[in-house]
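Undergrad: Sequence:
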Amino acid sequence: MNNLRKDYVDSTQEEKRLEENKKHEKYWYRWGPYLSERSWATVREDYSYNGDAWTHFPFEHANARVFRWGEDGLFGVSDNKQHICLNLALWNGKDVRLKERLFGLTGPQGNHGEDVKELYYYLDNTPTHSYMKALYKYPFTQPFPYEQLVEENAKRGYEDKEFEVYDIDGLFHDEKTGDNHYFDVTFEMAKGDDNPDDLNFRITVHNRSKKDSGELYVAPQIFFRNTWGYNPKQTEENGTKPILTRDANLTNLINVDCQKFGKSQIVFQPSPGGFDEDTTAEDIDPLLLFTENESNLVKLFDEKENPSEYCKDAFEEYIVNGKHDTVNPQNKGTKACAVYHFDNIPPGEYVTVRYKFTNDYKNSIFHADDIAIVDEDDFDSIIDRRNEEADQFYWRITPLPISDELRNIQRQAFAGLMWTKQFYNFTYDEWYNGDSHVKPSPPPNRANGRNKNWKHLYIEDILSMPDKWEYPFFASWDTAFHFIPLAMIDPEFAKRQLDLLTREWYMHPNGQIPAYEWNFNDVNPPVHAWAVYRVFKIERNIYGHEDRVFLERVFQKLLLNFTWWVNRKDADGKNVFEGGFLGLDNIGVFNRSEPLPTGGTLEQADSTGWMAFFSLQMLNIALELAKENPVYEDIASKFFEHFILISDSMSFDYSFENSGDGFCKEIVKQNLWNEEDKFYYDAISWGENNKEQLHIRSLVGLIPLYAAMTLEPKILDQFPSFKKRVEWFVENKPEMFGRNIASMTRRGVGERLLLSLVTKERLEAILTRMLDEDEFLSPYGIRSLSKYHEKHPFEMEVHGQKYEVKYLPGESNSGMFGGNSNWRGPIWFATSFLIMESLQRFYLYYGSNFKVECPVGSGEYLNLAEVAEELGYRMIHIFVPDENGERAINYGEHSKFLSTDPYFKDYVTFYEYFDGDTGRGLGASHQCGWTALIAKWISDVGLSCLRLPRTPRASVSTTITNETNESDMNDDSKPKRWARRKSARSLVNFTSTILDLSEEEKREHRKGGVSSGLTPQTSITDEQARELAKEEATKLEGEPLEKGLEVVEETPKTTLTEKEVEESTESEKSGTITPKAESTIMNKLKDKVKKMKIGGKNENSASTTNQN
1173 MNNLRKDYVD STQEEKRLEE NKKHEKYWYR WGPYLSERSW ATVREDYSYN
1223 GDAWTHFPFE HANARVFRWG EDGLFGVSDN KQHICLNLAL WNGKDVRLKE
1273 RLFGLTGPQG NHGEDVKELY YYLDNTPTHS YMKALYKYPF TQPFPYEQLV
1323 EENAKRGYED KEFEVYDIDG LFHDEKTGDN HYFDVTFEMA KGDDNPDDLN
1373 FRITVHNRSK KDSGELYVAP QIFFRNTWGY NPKQTEENGT KPILTRDANL
1423 TNLINVDCQK FGKSQIVFQP SPGGFDEDTT AEDIDPLLLF TENESNLVKL
1473 FDEKENPSEY CKDAFEEYIV NGKHDTVNPQ NKGTKACAVY HFDNIPPGEY
1523 VTVRYKFTND YKNSIFHADD IAIVDEDDFD SIIDRRNEEA DQFYWRITPL
1573 PISDELRNIQ RQAFAGLMWT KQFYNFTYDE WYNGDSHVKP SPPPNRANGR
1623 NKNWKHLYIE DILSMPDKWE YPFFASWDTA FHFIPLAMID PEFAKRQLDL
1673 LTREWYMHPN GQIPAYEWNF NDVNPPVHAW AVYRVFKIER NIYGHEDRVF
1723 LERVFQKLLL NFTWWVNRKD ADGKNVFEGG FLGLDNIGVF NRSEPLPTGG
1773 TLEQADSTGW MAFFSLQMLN IALELAKENP VYEDIASKFF EHFILISDSM
1823 SFDYSFENSG DGFCKEIVKQ NLWNEEDKFY YDAISWGENN KEQLHIRSLV
1873 GLIPLYAAMT LEPKILDQFP SFKKRVEWFV ENKPEMFGRN IASMTRRGVG
1923 ERLLLSLVTK ERLEAILTRM LDEDEFLSPY GIRSLSKYHE KHPFEMEVHG
1973 QKYEVKYLPG ESNSGMFGGN SNWRGPIWFA TSFLIMESLQ RFYLYYGSNF
2023 KVECPVGSGE YLNLAEVAEE LGYRMIHIFV PDENGERAIN YGEHSKFLST
2073 DPYFKDYVTF YEYFDGDTGR GLGASHQCGW TALIAKWISD VGLSCLRLPR
2123 TPRASVSTTI TNETNESDMN DDSKPKRWAR RKSARSLVNF TSTILDLSEE
2173 EKREHRKGGV SSGLTPQTSI TDEQARELAK EEATKLEGEP LEKGLEVVEE
2223 TPKTTLTEKE VEESTESEKS GTITPKAEST IMNKLKDKVK KMKIGGKNEN
2273 SASTTNQN
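Going letter by letter, the sequence shown gives residues 1173 to 2280 in the working numbering.
Any given hint might turn out to be false.
Quick list of simulated restraints, FRET-style, between CB atoms [stated by the list, open to error]:
{"#": "1", "residue 1": "Ile-1415", "residue 2": "Asn-1580", "range": "42 to 50 Å"}
{"#": "2", "residue 1": "Val-1970", "residue 2": "Tyr-1221", "range": "31 to 39 Å"}
{"#": "3", "residue 1": "Ser-1893", "residue 2": "Asp-1365", "range": "50 to 58 Å"}
{"#": "4", "residue 1": "His-1496", "residue 2": "Lys-1476", "range": "19 to 27 Å"}
{"#": "5", "residue 1": "Gly-2029", "residue 2": "Pro-1518", "range": "56 to 64 Å"}
{"#": "6", "residue 1": "Lys-2023", "residue 2": "Gly-1621", "range": "49 to 57 Å"}
These aren't lab readings, by the way, just hints derived from the structure by calculation. All C-beta atoms, glycine included, are put in the ideal place defined by N, C-alpha and C.
Turn these sequences into a full structure, and let the hints steer you where they fit.
TA: Below is the structure:
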């Protein structure tokens, strides 16, 4: 089936489901976590006259007002078109409202913008959603502090930290007594063995208090999205309006009649009563309630009557306020719930609620008097089997001998990606025109002009969201990064998402890709070509499948997007791009989405760098497609030339002056590169000879590093037309190459050519700043703004107004772009990931001998691949507990509690960005989109990520080492640790893995001496390399790694001496291998290869297969 798993006799059950879905044999994708976590206060629900989405549909309306475009809910599940929805509701007997959805502050309410104020965690989820698990923490000794959260945050300014729920002493945890005051509500859903429409739900509620009992109402709901209210032809009488009815004979079963799905049933199993193994206690029977999913207009807008006698808020009125006449006594409607009332859950005890949705009622449910019964043993077995299958699937994705801590982090990152899928529904014409027959009617003067150029938009799809509460809408450049970890576990979904963004009902006819619903016109970085090619390569390397149809189809659409960039964002036709917003919010001194207060045009180093990057990615794809269709050679030549022109324009500006002899003389000046500072800066241009650079050391000056690509020597021979054009350019534009693209006239390691915006000298100069801990290098990654500006802020005065850019490692100090993000110091995963990839590409050209000091001033020199890994280690350690057991993401006064409490310590949240000094999580707390890139990085370098940053390279993180010793090393069912040298690096170089090179490319790179530990003549599969490394694994029984490399064999053991290890290490540095080291390794290799069938199955493949 695929490269990763070709040596397995059987695929995992989850893989089989994915294959069945791909072949359209069974639709496993139909049901998933597709409800949003916030549909209120979104642009789609905004029908105000002035475009004020935050106040037009506030949180206070959500319980009683129908959503037009999509539903929300706590741990909500729906079908892929969101006809049928299921979610969870809770009440602790004290709150003022039923807990049906997550609460948070709006943009104007938060001192740093919108912010969810709840404690919840995504714990598990598979690509087909065959198993899903999440956790919500619900306080029960006090009412949930809705008003307090609003009032306290209103008192705080931009400079203050945000007020969170765990800041309220006694709400969740009492510092004085050490006792907890909350329920852990664990939600699980599992699909049936063979039926994608068989959904089994289990809610387990633990009382985490040691002293206090607690009351709880658990009320799982089922309802239909209101589509009939906007389509008057849908009525109950003509059978097109869906309906829920309690069964005539079975009091706990609801018949679900929906024209789109036919007939289904949902049965709510009685909950076992009693505690302490008391089997005599009576069951807790569910009380079924019914109402309509209709707005309560009388309550909300003082209308004279409602569209229905029974309204959306009926269950809250019934349970919380005791108004029993609000529900339909005829036990039918479009919304229903089952109420389980647990009046006294003792300390440390738990209760369980089970319910089942199915279209196969007769084969899965039996009767006992007037009650429908589900066999609880079978029910729990289904859930447990799906859980075990999820374990098997994710172990297959990352079969490496990494620590349980890293595996836990990666698993939750994948879970977050799966949980943040959402049904996104938006049709511009219908939204803009409004629904005149629906009350309240849109105001007649509703013409705010938002997105008026996007009339073609018609979206009704499951999309990957950045965060389903703070960003419950697709953001196109965020989404591109989601697909990298997504492609590891579900390449079909990743490809479908990329394809959608370029389809004609998304992409503008002019070629622009929509940004996000607040302003589809915003210009985001052109990263989609990169994402397309990376997904293509990841699928090829993990699954052994080259989807060239996908690659070619999306490439054709990206040609339109490239043309849009060139025509619209290169004002003077000089290949210097102004770009605009570019997703980096407040990184500049001015709002880059608006005209400059200075006048003139902002020439952006990042925008121009992005376009060079875009050109190289399109060149990559064109050359890939040219392997089977020579027509693409000409297109490859086009992007090669674009890149050359952009590269030159990044550094030089051209103008002409009269030479006095009737001819014009070309004047070449420095442009965005500053020779004195050795850095790239934005510049304001007021005309040909009037330009001023903005000396801000920010990520803007690092982005030019992204544009790097190596060309293998055989590439030019493989594509003669492309070769001819390249040679013409080199011969006829020598001044261009001589200025800053000399790497095209000099061969690197392995006779490779390098396409790059930066020369070796500039690369070294930029890295000197980037790897300085007093500038960009943080203990946790790369800062978005240099720490230099902490004491030396950039200042500029325009028309009497002062503008300033100062280093801010945490939240923003202004309301620019809503104030909920900050690019003036914090660490961002997406941009850092691209830096690490670029360093790997430079390494393939410059090899092991080109080293830079890292960190600057440390006296330690690393090659560029090692620098990339160092950055990866630092970012991984944002999440990994330190020697005190505390995670950097939790930095602050509650760090110890959140990191060490047994009911919190294993749960990880994936924030939007991170404090540049402390690693504290900031922004959206469940930004499982691009921050889930950590899952890919763990797979790439997790084996060698065993030390804390800023320690000697042979050091080992105490936390991870102990855990590895205790779990992996003593568990024969798991693969053992890889061998490690004195440099703390693995024997097998990870560069080819990180860049997802093909097998052919890997062999080429080995020939150049880039990969360590293998001679140029040696060519083995990744599986064999890993098997060999496993054979050479070091035993970590308290011995320092420096003492030698012990080789594990069935026959007498051999230990490399200190001298042999040193020789081997020197081989790695030089790219060659000493005779003695070669003899030692090759003898073992030959013995091993004799036992292995080349490219075939080996007996330990489950432990050693390469994930990339």
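Undergrad: For the hint 56 to 64 Å, verify it against the beta carbon of Gly-2029 and that of Pro-1518.
TA: holds (59 Å)
Undergrad: Is 50 to 58 Å right for how far apart the beta carbons of Ser-1893 and Asp-1365 are?
TA: holds (55 Å)
Undergrad: Does 42 to 50 Å hold as the CB distance between Ile-1415 and Asn-1580, or does it fail?
TA: holds (44 Å)
Undergrad: Is 49 to 57 Å respected by the C-beta to C-beta distance linking Lys-2023 and Gly-1621?
TA: holds (55 Å)
Undergrad: Can you let me know if the beta-carbon spacing of His-1496 and Lys-1476 is within 19 to 27 Å?
TA: holds (24 Å)
Undergrad: Verify the CB-CB distance for Val-1970 and Tyr-1221 against the hinted window 31 to 39 Å.
TA: With Cβ atoms ~33 Å apart, the hint holds.
Figure legend: structure checked against the earlier numbered hints; every hint is met.
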